[in-house]
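There are 2 protein chains.
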Amino acid sequence: MEAELKNLLSDLHALEDSLRDPTHHSLIDKMRSRVERLSVMENSRVVQRVKIKDMSAEVVDSNPYSRLMALQRMGIVDNYERIREFSVAIVGIGGVGSVAAEMLTRCGIGRLLLYDYDKVELANMNRLFFRPEQAGMTKTDAAVQTLSDINPDVVLESYTLNITTVQGFETFMSSLNNKSFRPDKEGSGVDLVLSCVDNYEARMVVNQACNELSQTWMESGVSENAVSGHIQLLVPGETACFACAPPLVVASGVDERTLKREGVCAASLPTTMGVVAGLLVQNTLKYLLKFGNVTPYLGYNALKDFFPTMEMKPNPQCSNAACLEKQKEYALAKPARDAAARAKMEVEISLEPECLHEDNDWNISVVDDSDVQVSSTSSGALPEGLVFELPSADEFQKPSVSEETTNTVDDLEDLRRQLEALNAD
Amino acid sequence: MEAELKNLLSDLHALEDSLRDPTHHSLIDKMRSRVERLSVMENSRVVQRVKIKDMSAEVVDSNPYSRLMALQRMGIVDNYERIREFSVAIVGIGGVGSVAAEMLTRCGIGRLLLYDYDKVELANMNRLFFRPEQAGMTKTDAAVQTLSDINPDVVLESYTLNITTVQGFETFMSSLNNKSFRPDKEGSGVDLVLSCVDNYEARMVVNQACNELSQTWMESGVSENAVSGHIQLLVPGETACFACAPPLVVASGVDERTLKREGVCAASLPTTMGVVAGLLVQNTLKYLLKFGNVTPYLGYNALKDFFPTMEMKPNPQCSNAACLEKQKEYALAKPARDAAARAKMEVEISLEPECLHEDNDWNISVVDDSDVQVSSTSSGALPEGLVFELPSADEFQKPSVSEETTNTVDDLEDLRRQLEALNAD
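Chains A and B, in that order, are what the protein sequence lines are. Quick note: the first sequence uses this note's numbering, first residue 1, plus one each step. Quick note: the second sequence uses this note's numbering, first residue 1, plus one each step.
Here chain A stands alone, though its shape is the one from the complex:
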């Protein structure tokens, strides 16, 4: 649009020059000022954020990373800037995937790979992210448009394809394997795959790809009645894969498309999808930046605000051959894992500071309390006025001794006197 307006201005200039009759000049001036006004409007609209080379923690209004770098000062994350090294692939740019992509973009993730074959429709407007004027665009194009405006620092790759087709799967695999963004990275070319699809067939394809690549991924889903959802972490060989405990529709081999009736659509809410996307990306940040506990499975029941968690081990009878192979590899690597864990623990112990506080301004000294007697009811004594209803087990099992004998044994002097009295009889 900017170029077209510039051309219009030079056309006006050329016209003015070629007109010998100056009576037309006032009209041309008027037109020029119109074009100039249009240019100003256009410029005020497309002011793009400039790219930023290094993330700064400086607290100024113009720094889009100040509130993220503050996570270091708050003691939550050791090195926030590492986020620029990571690549995350998002499969499915719908109600969950698009919001997940926006969150990661605003966090300044290094590179995002986006996969979808669908188009934006007005029927998608009840979820966050897409705008009505994007209706008719592919979801990938619309997402790239919005995300690159929000944060031009993120490297965006979009793939308008269906991963469940042969050609689509091949492109999916080769894009995950591409290491040009970080050639020294171990394993595949991405750090995490997020599955945000709405059908089991696509989930099984993501599962297959990740099992083959030994690629850690996270699965997400929202129920058809819009009021529950879940996220799940899948590490090939270490946790259950998606085929280890398949949903009934997958296990029974039914084509799920035959289950959907014409003219009936699933319900959805921006709230449930926003919460699931938030929990998914939060788990992603914890996994990538190593803080908090990465949750293996988290459910969300919106009607009751109930959030169940669980862990799933791999199934030794899993139907997926690649999963069985990764399970074997994981078992074989156990001694090496144990040795590494031991070594790490030893390093941590050797690094422990011997003296935490070198000076002692307040003359605080530690008191040895090993001799201190703790007097409490836990020793068996009851507060005044209370008695036990039952004897203790120890008392009950004591051999019963007559009261008289006990008293005599307790008092040796008395015993001697009784003996003398008997002798005197």
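Check before you lean on any hint, since a few could be wrong.
[Said to hold, decoys possible] No more than 20 Å apart at the CA atoms, straight line, and that leaves these computed lysine to aspartate or glutamate pairs for EDC-like:
hint: 1; chain 1: B; residue 1: Lys304; chain 2: A; residue 2: Glu311
hint: 2; chain 1: A; residue 1: Lys6; chain 2: B; residue 2: Glu2
hint: 3; chain 1: A; residue 1: Lys30; chain 2: B; residue 2: Glu4
hint: 4; chain 1: B; residue 1: Lys30; chain 2: A; residue 2: Asp61
hint: 5; chain 1: A; residue 1: Lys51; chain 2: A; residue 2: Asp61
hint: 6; chain 1: B; residue 1: Lys30; chain 2: A; residue 2: Glu4
hint: 7; chain 1: A; residue 1: Lys119; chain 2: A; residue 2: Asp61
hint: 8; chain 1: A; residue 1: Lys290; chain 2: A; residue 2: Glu2
hint: 9; chain 1: A; residue 1: Lys6; chain 2: B; residue 2: Asp11
hint: 10; chain 1: A; residue 1: Lys51; chain 2: B; residue 2: Glu133
hint: 11; chain 1: A; residue 1: Lys290; chain 2: B; residue 2: Asp305
hint: 12; chain 1: A; residue 1: Lys51; chain 2: B; residue 2: Asp305
hint: 13; chain 1: B; residue 1: Lys30; chain 2: A; residue 2: Glu36
hint: 14; chain 1: B; residue 1: Lys6; chain 2: A; residue 2: Glu36
hint: 15; chain 1: B; residue 1: Lys6; chain 2: A; residue 2: Glu58
hint: 16; chain 1: B; residue 1: Lys30; chain 2: A; residue 2: Asp29
hint: 17; chain 1: B; residue 1: Lys6; chain 2: B; residue 2: Glu42
hint: 18; chain 1: A; residue 1: Lys30; chain 2: A; residue 2: Glu42
hint: 19; chain 1: B; residue 1: Lys51; chain 2: A; residue 2: Glu42
hint: 20; chain 1: A; residue 1: Lys304; chain 2: B; residue 2: Glu311
hint: 21; chain 1: A; residue 1: Lys53; chain 2: A; residue 2: Glu85
hint: 22; chain 1: B; residue 1: Lys51; chain 2: A; residue 2: Glu2
hint: 23; chain 1: A; residue 1: Lys119; chain 2: B; residue 2: Asp61
hint: 24; chain 1: A; residue 1: Lys304; chain 2: B; residue 2: Glu42
hint: 25; chain 1: A; residue 1: Lys30; chain 2: B; residue 2: Asp11
No wet-lab data here; the hints were simulated from the structure.
On the provided structure of chain A, position chain B as indicated by the hints.
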């Protein structure tokens, strides 16, 4: 922009007409086609969604409400379209409030009232909603721009003011009391107030306004280290108000602004804020559309994915006079509430179907199990091979009776025989 382009076209037409020399016409044609191209580009950009008179459940791609109306078919909501009757006020259009506003807008809420005095900065770009090109605009103007593009059916009212000033508070109160949107509504002019502010002073002001108006509201907050948050429902007189159990900084009367150091900013994450906004609006939808359980308090600990809940009763020693007044009113209205609850229960019982199954194809009959003896260890009997270590309390407190006496008393015939033997001696 559209008007300016139209004017430009008519200027070109006028110029062409006034030029007797046709050599210039080709240049004018070229300019005309440029302006036409600009118009096409402009139109493709500002295609606004048309307003929709009635929400339809029709499943077509062009229906922005199909996935929401599906909540009725799924049995979650009785009457989704009622959402158009409701007014929600959002105080604070930051990381939580802006996302809450977008969710309610996409859900097709009737009317939104937005309050904020701040401007959009690039430093806000690590949260959802605002775009870099909106930097410098007031948050209220930027929000109205984005929200009216997303859903022109929602009535938007924005107030660029600080509710903690005298003038701001007055406008806040009168805007909440304005009933022009639904003149027959009981109470204030809004159905719910959402507090999405980032300081205690503003929360106390929302609390004061809602106590005075008997206005139900929901409070939300995110911690300074960005990894926890909460939402809370407050019903004046019925639940604790914000002053009933005030945070230490409020209770101690310290000016919280003195606690913030220059050049130090709080951390924030789009994930935590998105989750809190999602939970807040989900609770709002449950409250307005009467489905699921409205949660009185829900916490979110992102590091552990822990979601605590609790309930808080009002404090009879609350420092807020309006709260004490509402507590009194709530107590006085107890008999009326109980009567209404009883009447409702009676209606429900009378509506209960007497016979659930009129036919009985399978001849299923109910067996009377009142005579069936339940044999279990709960009656005191132990499984074979086990004995009690301690006697039961009843046994222990029984007056001890010699075994002989017991046996004799039990057998009267034996007693008679012993008596005869004694007499025979």
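Each hint, compared with the structure:
{"no.": "1", "hint": "B:Lys304 / A:Glu311", "verdict": "holds, 14 Å"}
{"no.": "2", "hint": "A:Lys6 / B:Glu2", "verdict": "holds, 18 Å"}
{"no.": "3", "hint": "A:Lys30 / B:Glu4", "verdict": "holds, 11 Å"}
{"no.": "4", "hint": "B:Lys30 / A:Asp61", "verdict": "violated, 45 Å"}
{"no.": "5", "hint": "A:Lys51 / A:Asp61", "verdict": "holds, 16 Å"}
{"no.": "6", "hint": "B:Lys30 / A:Glu4", "verdict": "holds, 11 Å"}
{"no.": "7", "hint": "A:Lys119 / A:Asp61", "verdict": "violated, 36 Å"}
{"no.": "8", "hint": "A:Lys290 / A:Glu2", "verdict": "violated, 45 Å"}
{"no.": "9", "hint": "A:Lys6 / B:Asp11", "verdict": "holds, 18 Å"}
{"no.": "10", "hint": "A:Lys51 / B:Glu133", "verdict": "holds, 14 Å"}
{"no.": "11", "hint": "A:Lys290 / B:Asp305", "verdict": "holds, 15 Å"}
{"no.": "12", "hint": "A:Lys51 / B:Asp305", "verdict": "violated, 34 Å"}
{"no.": "13", "hint": "B:Lys30 / A:Glu36", "verdict": "holds, 18 Å"}
{"no.": "14", "hint": "B:Lys6 / A:Glu36", "verdict": "holds, 15 Å"}
{"no.": "15", "hint": "B:Lys6 / A:Glu58", "verdict": "violated, 47 Å"}
{"no.": "16", "hint": "B:Lys30 / A:Asp29", "verdict": "holds, 18 Å"}
{"no.": "17", "hint": "B:Lys6 / B:Glu42", "verdict": "holds, 12 Å"}
{"no.": "18", "hint": "A:Lys30 / A:Glu42", "verdict": "holds, 19 Å"}
{"no.": "19", "hint": "B:Lys51 / A:Glu42", "verdict": "violated, 26 Å"}
{"no.": "20", "hint": "A:Lys304 / B:Glu311", "verdict": "holds, 14 Å"}
{"no.": "21", "hint": "A:Lys53 / A:Glu85", "verdict": "holds, 13 Å"}
{"no.": "22", "hint": "B:Lys51 / A:Glu2", "verdict": "violated, 31 Å"}
{"no.": "23", "hint": "A:Lys119 / B:Asp61", "verdict": "holds, 10 Å"}
{"no.": "24", "hint": "A:Lys304 / B:Glu42", "verdict": "violated, 47 Å"}
{"no.": "25", "hint": "A:Lys30 / B:Asp11", "verdict": "holds, 9 Å"}
Hints 4, 7, 8, 12, 15, 19, 22, 24, counting from the list given before, are not met by this structure.
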